[in-house]
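2 protein chains.
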Amino acid sequence: MSALRFVDLPSPFPFRRGGAIRGARIAYETWGTLAATRDNAVLILTGLSPGAHAASSPDDPSLGWWEEMIGPGRPIDTNRWFVICVNSLGSCKGSTGPASIDPATGRPYGPDFPDLSIEDIAAAAWEVVAALGIERLAAVIGPSMGGMTAQALALLRPEACPHLVLISSAPHAEPFALAVRSLQREAIRLDPDWNAGRYTVDRGPIHGMRLARKLGVMTYRSPAEWKERFGRARIDQPGKAPFDREFQIETYLESHAQRFVGSFDPNSYLWLSRAMDWFDLAEHGGTVEAAYQRMAVRRALVIGVETDILFPLAQQEEIAEGLRLAGAAVDFVALPSIQGHDAFLVDFRRFAPPIARFFRSIG
Amino acid sequence: MSALRFVDLPSPFPFRRGGAIRGARIAYETWGTLAATRDNAVLILTGLSPGAHAASSPDDPSLGWWEEMIGPGRPIDTNRWFVICVNSLGSCKGSTGPASIDPATGRPYGPDFPDLSIEDIAAAAWEVVAALGIERLAAVIGPSMGGMTAQALALLRPEACPHLVLISSAPHAEPFALAVRSLQREAIRLDPDWNAGRYTVDRGPIHGMRLARKLGVMTYRSPAEWKERFGRARIDQPGKAPFDREFQIETYLESHAQRFVGSFDPNSYLWLSRAMDWFDLAEHGGTVEAAYQRMAVRRALVIGVETDILFPLAQQEEIAEGLRLAGAAVDFVALPSIQGHDAFLVDFRRFAPPIARFFRSIG
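Those sequence lines, one after another, are chains A and B.
Positions 2 to 364 (my numbering) are the ones given, in order, by the first sequence.
Positions 2 to 364 (my numbering) are the ones given, in order, by the second sequence.
Simulated from the structure, these hints should not be mistaken for lab results.
Treat the hints loosely; a few may be bogus.
Note that identical chains are pooled: a pair holds if it fits in a single copy or bridges any two copies.
[Claimed, not checked] Straight-line Cα separation of at most 25 Å, SDA-like style, residue types lysine to any residue; simulated pairs:
{"id": "1", "residue 1": "K228", "residue 2": "D203"}
{"id": "2", "residue 1": "K228", "residue 2": "T308"}
{"id": "3", "residue 1": "K228", "residue 2": "V289"}
{"id": "4", "residue 1": "K241", "residue 2": "E318"}
{"id": "5", "residue 1": "K241", "residue 2": "R18"}
{"id": "6", "residue 1": "K228", "residue 2": "R351"}
{"id": "7", "residue 1": "K94", "residue 2": "T38"}
{"id": "8", "residue 1": "K241", "residue 2": "R351"}
{"id": "9", "residue 1": "K94", "residue 2": "L49"}
{"id": "10", "residue 1": "K241", "residue 2": "A329"}
{"id": "11", "residue 1": "K94", "residue 2": "R358"}
{"id": "12", "residue 1": "K241", "residue 2": "L191"}
{"id": "13", "residue 1": "K228", "residue 2": "P59"}
{"id": "14", "residue 1": "K94", "residue 2": "P354"}
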């Protein structure tokens, strides 16, 4: 069962850095009911890997990636709000991306997919909002990469984005994050089965993807969490080959990697990863501060996590300060979660209260 | 020109985890003059990759990896001390390691090199000390992996190690460091040219080594340093191929990787990396605290760096506390360097004073 719906993008749909695609579409899901006045819509823009299935629904009762946050009586209360979550342009969870068939050739775009930017993802997400007849969003929520997309949308459609919730995001990537993603992409590209992007479904760069995902997980969590969860605990039955996994932390990484390899397209990963590196709010107005002035944010919630090494807390402070200087009322919340960048996916005890409070304040 | 000298290990030289090698040797260099009383010897044990060339000398005027720290009037003053630096057993800078010829077969040990432990490296280093007729060291200095080796030596020869200088080291690795090294080894092993350890000199796992080294450099430095040095600066003439390097941080990592690939044996890297993962002071007495009780350290300097993510400051505090509980007089110094784990190699302004002070105190 799937609750996915689709909106066709204008055809051709032009990309910011050149090129265009035809016959493209964006997948999304919704929860709650759009008010007759169409003023209760909340748009969720996702991190790199999740799809549009943020929460369960009658059409798809499987648990979503933000299940505890969305629903009747939950922090994003679907008795009050009409919640939309879109799968990013360039992803592989229903929206058009490098793994989609190029109508011009009848084969996957692969390396011919245009250079993707965060601004393109925002523009495509807006097409879903517009197709639903919504002119102004009650709120836009973006964790991680989704926070970059949310900021891009607030620049593209300032009047439609008065209220932002930005979680563990950034106005642009700093060099440590650039290095992590560059290395992840290199691991995939070095895998001979990547084949310059022209792999087949049954023979893709799985080794490169495993390395990339493990490196990702290492930057999504925190050393403190792992020390608490795993310490130096060994596997009960380690393999017998030299250098086989021996510590539980190695098994944890491997199981994360295995799950990811089977569920995410390598080219989508490359294109989205590079889009994050390229994104720079300073390109909109000359400086990061000027970019915030070009938005029309009235109220914002900015949440960061002290142990996040990929989107560090200092960047959340930078966002909060930039929005404040631009005249927004900003709640800045620094959480002591030990789950690092991923805390918004798991530490609901800490994340639920400020998000619930924010939605009550705009409700 | 080389200042390397060699000491033959007892043959066979048995390994802690089983196996033995024959006809093995350890490379070392020295600076200063051994006193007639043989009581002024300072032993330096290195991190994973450096060789014995810690400083220049008449026989080898090229700069060493700790040049500013060793010499007449320098913090480790060669007018006073006879300084020895050994290349670790298992390395490839003169000491016997996986790339060395196995006399039994006439070809490199490769995957037949016995499982290496930090304790083996310490035992082999001790053979150099003994061959020089030294029964008691004035001090043992160990940064990073060398600090693990120094602690292993202080357990193996307590009476010979009354004074320790431990820098950015650990009583055992925590799961984040285990994860980093596991991933580095996986990148090398996944490279088809690793060939289960039976590669040739002209065709080795260079891609895997490049990935491993880049990941290493990412954990040796700090996000704060890179933000200051590189920010989001672009390369002047980026490559034209898709996903070519574009940011200066990517070029920095690539140049580090290129230098390393040409100068370090992949199997040595694997064997030393795993030795670090295996090392656990708690194996000597049941707990880390008990292990310190088995040493006979009278005075120690323990230095950590606030931005070190690989051997975090909390582990330096653990070492200092363990030594204190065992009766040692401990100077614990936490440095605010922004160069992370590698700070001891570059931030001499901060590292020189406490080290100079320590050597005056035992002088």
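Hints and how they fare:
no., hint, result
1, K228 with D203, "neither (37 Å within a copy, 41 Å between copies)"
2, K228 with T308, "both (13 Å within a copy, 18 Å between copies)"
3, K228 with V289, "between (36 Å within a copy, 16 Å between copies)"
4, K241 with E318, "neither (48 Å within a copy, 36 Å between copies)"
5, K241 with R18, "between (50 Å within a copy, 15 Å between copies)"
6, K228 with R351, "within (20 Å within a copy, 29 Å between copies)"
7, K94 with T38, "neither (31 Å within a copy, 74 Å between copies)"
8, K241 with R351, "neither (42 Å within a copy, 45 Å between copies)"
9, K94 with L49, "within (11 Å within a copy, 43 Å between copies)"
10, K241 with A329, "neither (59 Å within a copy, 41 Å between copies)"
11, K94 with R358, "neither (31 Å within a copy, 61 Å between copies)"
12, K241 with L191, "between (28 Å within a copy, 17 Å between copies)"
13, K228 with P59, "neither (39 Å within a copy, 47 Å between copies)"
14, K94 with P354, "neither (30 Å within a copy, 57 Å between copies)"
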